[in-house]
Every structure is written in structure tokens, then in C-alpha cells.
Amino acid sequence: MRVPFMAHIAAFVLTAMPLAAYQQAAQQAAPQGPHPKSQKEVDALKQVQAAAQASNYDAEIAAINNVLENFADTDYKPMLLSMAMDAAQRKGDYPQTVVWGERIIQNDPKDFSARILLAADIAQHTRENDLDKDQSLKKVDDYAHQGLDLLKTASDTPPVGFNGTAADYAAFKKDQAGLAEAAIGQADELRKKYPEAIEQYKTALNDAAHPNSTTLAFLSRAYVENKQYDDAIATADKVLAMSDAPSQVKQFAQAQKDNATKLKAAASK
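So for the sequence shown, our numbering puts the first residue at 1; every next one is plus one.
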């Protein structure tokens with residue numbers, strides 16, 4: 001099951017304004033925010049936009065690489081790196097997701113979202129019998145806690161490229177905090193620290209601005225593992241009652257409910 005992730009910077013929208021118009025505007029006033037510096041850059045960015053709108057993730061990443069390689073001083077670098085990480089994540093390319101996330105952090109050490117998304121993705125791809133499990137879980141903890149620390153001092157002003165109001169951005173940051181806490185909970189589960197995992201998931205749900213069906217499903221699983229079967233069933237039922245929960249998350253929650261029901265019956269014999 002894959003955690004549904006929200007892109008931490010919304011896809012930018014380029015106008016079809018020709019280069020001459022950009023140059024004229026630049027002469028009239030200082031440019032506000034990021035802007036293309038040449039018609040060639042405009043054309044390259046349009047290729048990114050077209051691939052993103054078509055949900056062609058391979059083409060989107062290739063187009064982003066083209067911009068970054070040929071227009072090293074592009075004002076859109078932070079946005080493009082974020083879009084590339086999101087595209088890699090959406091197409092299920094875990095190694096590339098990590099690569100792009102690390103590039104975002106290298107470009108902007110204060111980026112909290114890349115750290116949190118890395119923590120969540122690494123947690124999702126770590127298995128109990130992995131030889132490098134301990135190293136992976138340390139990365140989860142480090143990235144998640146670093147992200148939470150950066151959130152405490154993050155600006156209230158939405159960054160360039162964020163598609164929403166200041167209130168939307170405040171809610172986004174709360175959801176990011178919830179995602180970080182849930183990643184720590186997953187790490188605790190993999191360490192078989194089930195009571196700690198349960199508390200982390202509860203914190204994640206309390207910190208987030210919006211109900212997260214995936215975190216609830218993970219909480220149900222942690223209850224099963226901690227032999228709290230009634231709590232597991234009740235929590236799974238909450239997921240099943242959510243109209244916006246993805247089908248795969250509901251299937252996972254149903255599996256937890258079925259498992260808890262079976263184990264509860266066996267324990268009562």
C-alpha cells in the first residue's frame with residue numbers, strides 16, 4: 001500500500017507570453033517572482049508543463065532535467081526539483097524519489113517538506129528483514145525530526161509556486177507535521193515498539209489539519225499488533241466510513257479489521 005502524498009509545491013502555470021513581452025515588462029518594472037530569462041527557457045518550461053498536465057511522469061522528469069541542465073540559473077529550480085520528486089513518487093520510482101529529495105535538500109537546507117516526504121517514503125519501503133533496516137529507520141527518524149524542527153520556524157507566507165492562500169499553507173504545514181509523526185510511528189512499528197507507534201499515530205492525527213485515512217489504517221494495524229483488537233476494529237471502521245479514503249487504503253483497513261476479529265475470537269476460546 002502506498003501512502004497518498006500531496007505535492008508540497010503546486011505545479012506552476014506558464015503563460016504563452018512571448019519573450020518580447022517579458023523583455024518589455026522587465027523594462028517597465030522589476031520582475032516579481034520567478035520568470036524565464038529567454039524564449040528558449042520558456043519553450044523548455046512549456047515542455048515540463050505539458051508533460052505534467054498529461055501525467056506523463058517520465059516525460060516530465062526528462063523535461064525537468066533538460067531545464068536544469070541547459071538553464072542552470074533558472075528561477076524555477078526549487079519548483080522543478082519539487083515537481084521531479086513528486087513525479088518520481090507518483091510513478092512509484094522509490095530510488096529516484098530519494099535522489100530528487102536529496103537534491104531539494106542540497107539546494108535548500110531549510111526545505112521541511114522534502115525531508116518529511118523522504119521520511120515517509122523510506123518508512124514505506126523498509127521491511128522487517130532488510131539487512132539495512134536499522135540504517136533506514138535512523139534516516140526516517142532523522143528526516144522526520146529535522147522536518148518537524150524546520151516547521152517550527154517556517155514562514156507563514158506561502159512560498160512561490162504554492163497554489164493557495166496563507167490559510168491553505170498553514171493547513172498544509174499541519175498536514176506535513178502529521179505526515180512526519182506518522183513516519184516516526186511506522187519506524188516504531190518496525191522496531192516492534194507498538195505502544196510508542198500507537199501514540200505517534202495519535203499525535204499525527206491530532207497534528208494534521210485534515211483526517212488522514214492512511215494514518216488511521218496504520219493505527220488500526222498497530223492496535224492489532226499490540227493485541228488491542230476492539231480498538232483496531234473501531235479504528236478500521238472509521239477508515240471504511242471515510243468517503244474520500246482511497247480504495248487501497250480501505251482494503252488495507254478491512255484486512256486489519258478482519259485480522260483483529262479473527263484474533264479476538266481466537267483469544268476468547
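Possibly wrong hints are sitting among the right ones.
[Unchecked claim] No farther apart than 25 Å at their CA atoms in a straight line, the calculated lysine to any residue pairs in the SDA-like style are these: (1) Lys193 <-> Gln254; (2) Lys202 <-> Phe162; (3) Lys46 <-> Gly164; (4) Lys174 <-> Lys133; (5) Lys77 <-> Glu196; (6) Lys173 <-> Asp75; (7) Lys133 <-> Ser155; (8) Lys138 <-> Tyr94; (9) Lys269 <-> Asp231; (10) Lys77 <-> Pro95; (11) Lys138 <-> Thr153; (12) Lys46 <-> Asp93; (13) Lys202 <-> Gln251; (14) Lys133 <-> Glu102; (15) Lys250 <-> Gln228; (16) Lys110 <-> Arg127; (17) Lys193 <-> Arg127; (18) Lys152 <-> Asn163; (19) Lys238 <-> Glu225; (20) Lys77 <-> Lys173; (21) Lys202 <-> Pro246; (22) Lys250 <-> His125.
[As the list claims (entries may be wrong)] Listed next, with one range per pair, are the computed distances between beta-carbon atoms: (23) Lys46 <-> Lys262: 30 to 38 Å; (24) Val99 <-> Lys138: 14 to 22 Å; (25) Asp258 <-> Asp75: 51 to 59 Å; (26) Ala50 <-> Asn129: 41 to 49 Å; (27) Lys46 <-> Asp230: 29 to 37 Å; (28) Glu128 <-> Ala241: 25 to 33 Å; (29) Gln39 <-> Lys138: 22 to 30 Å; (30) Lys192 <-> Ala170: 34 to 42 Å; (31) Asn206 <-> Ala54: 49 to 57 Å; (32) Lys264 <-> Ala54: 46 to 54 Å; (33) Asp108 <-> Asn163: 17 to 25 Å; (34) Glu102 <-> Asp149: 39 to 47 Å.
The set of hints was computed from the structure by calculation and includes no laboratory data.
Glycine residues also receive a C-beta, built at the ideal position from the N, C-alpha and C atoms.
Do the hints match the structure? See the list:
1. Lys193 <-> Gln254: 23 Å, holds
2. Lys202 <-> Phe162: Given that 25 Å is the threshold and the Cα spacing comes to 28 Å, the pair is violated.
3. Lys46 <-> Gly164: 22 Å, holds
4. Lys174 <-> Lys133: Cα-Cα ~28 Å, so violated.
5. Lys77 <-> Glu196: 39 Å, violated
6. Lys173 <-> Asp75: With Cα atoms ~24 Å apart, Lys173 and Asp75 stay inside 25 Å; holds.
7. Lys133 <-> Ser155: Not satisfied, since the Cα-Cα distance of roughly 34 Å exceeds 25 Å.
8. Lys138 <-> Tyr94: 18 Å, holds
9. Lys269 <-> Asp231: Given that 25 Å is the threshold and the Cα spacing comes to 20 Å, the pair holds.
10. Lys77 <-> Pro95: 21 Å, holds
11. Lys138 <-> Thr153: 23 Å, holds
12. Lys46 <-> Asp93: 24 Å, holds
13. Lys202 <-> Gln251: 21 Å, holds
14. Lys133 <-> Glu102: Answer holds: Lys133 to Glu102 is near 19 Å, not above 25 Å.
15. Lys250 <-> Gln228: It holds: about 20 Å lies between the C-alpha atoms, which stays within 25 Å.
16. Lys110 <-> Arg127: Not satisfied, since the Cα-Cα distance of roughly 29 Å exceeds 25 Å.
17. Lys193 <-> Arg127: Since the Cα atoms of Lys193 and Arg127 sit roughly 15 Å apart, the hinted pair holds (cutoff 25 Å).
18. Lys152 <-> Asn163: 21 Å, holds
19. Lys238 <-> Glu225: 18 Å, holds
20. Lys77 <-> Lys173: Between Lys77 and Lys173 the Cα gap is close to 22 Å, so the pair holds against 25 Å.
21. Lys202 <-> Pro246: It holds: about 20 Å lies between the C-alpha atoms, which stays within 25 Å.
22. Lys250 <-> His125: Answer holds: Lys250 to His125 is near 20 Å, not above 25 Å.
23. Lys46 <-> Lys262: 30 to 38 Å: For Lys46 and Lys262 the Cβ distance comes to about 55 Å; the hint is violated.
24. Val99 <-> Lys138: 14 to 22 Å: Holds - the Cβ-Cβ distance for Val99 and Lys138, about 19 Å, lies within 14 to 22 Å.
25. Asp258 <-> Asp75: 51 to 59 Å: Between Asp258 and Asp75, where Cβ atoms are some 52 Å apart, the hint holds.
26. Ala50 <-> Asn129: 41 to 49 Å: 43 Å, holds
27. Lys46 <-> Asp230: 29 to 37 Å: With Cβ atoms ~56 Å apart, the hint is violated.
28. Glu128 <-> Ala241: 25 to 33 Å: 30 Å, holds
29. Gln39 <-> Lys138: 22 to 30 Å: The hint (22 to 30 Å, Cβ to Cβ) is violated, given that Gln39 and Lys138 are roughly 47 Å apart.
30. Lys192 <-> Ala170: 34 to 42 Å: 36 Å, holds
31. Asn206 <-> Ala54: 49 to 57 Å: The hinted range 49 to 57 Å is violated for Asn206 and Ala54, with Cβ atoms some 38 Å apart.
32. Lys264 <-> Ala54: 46 to 54 Å: 48 Å, holds
33. Asp108 <-> Asn163: 17 to 25 Å: Between Asp108 and Asn163, where Cβ atoms are some 19 Å apart, the hint holds.
34. Glu102 <-> Asp149: 39 to 47 Å: Given range 39 to 47 Å: violated, Cβ gap about 18 Å.
Hint compliance for this structure: hints 2, 4, 5, 7, 16, 23, 27, 29, 31, 34 are broken, all remaining hints hold.
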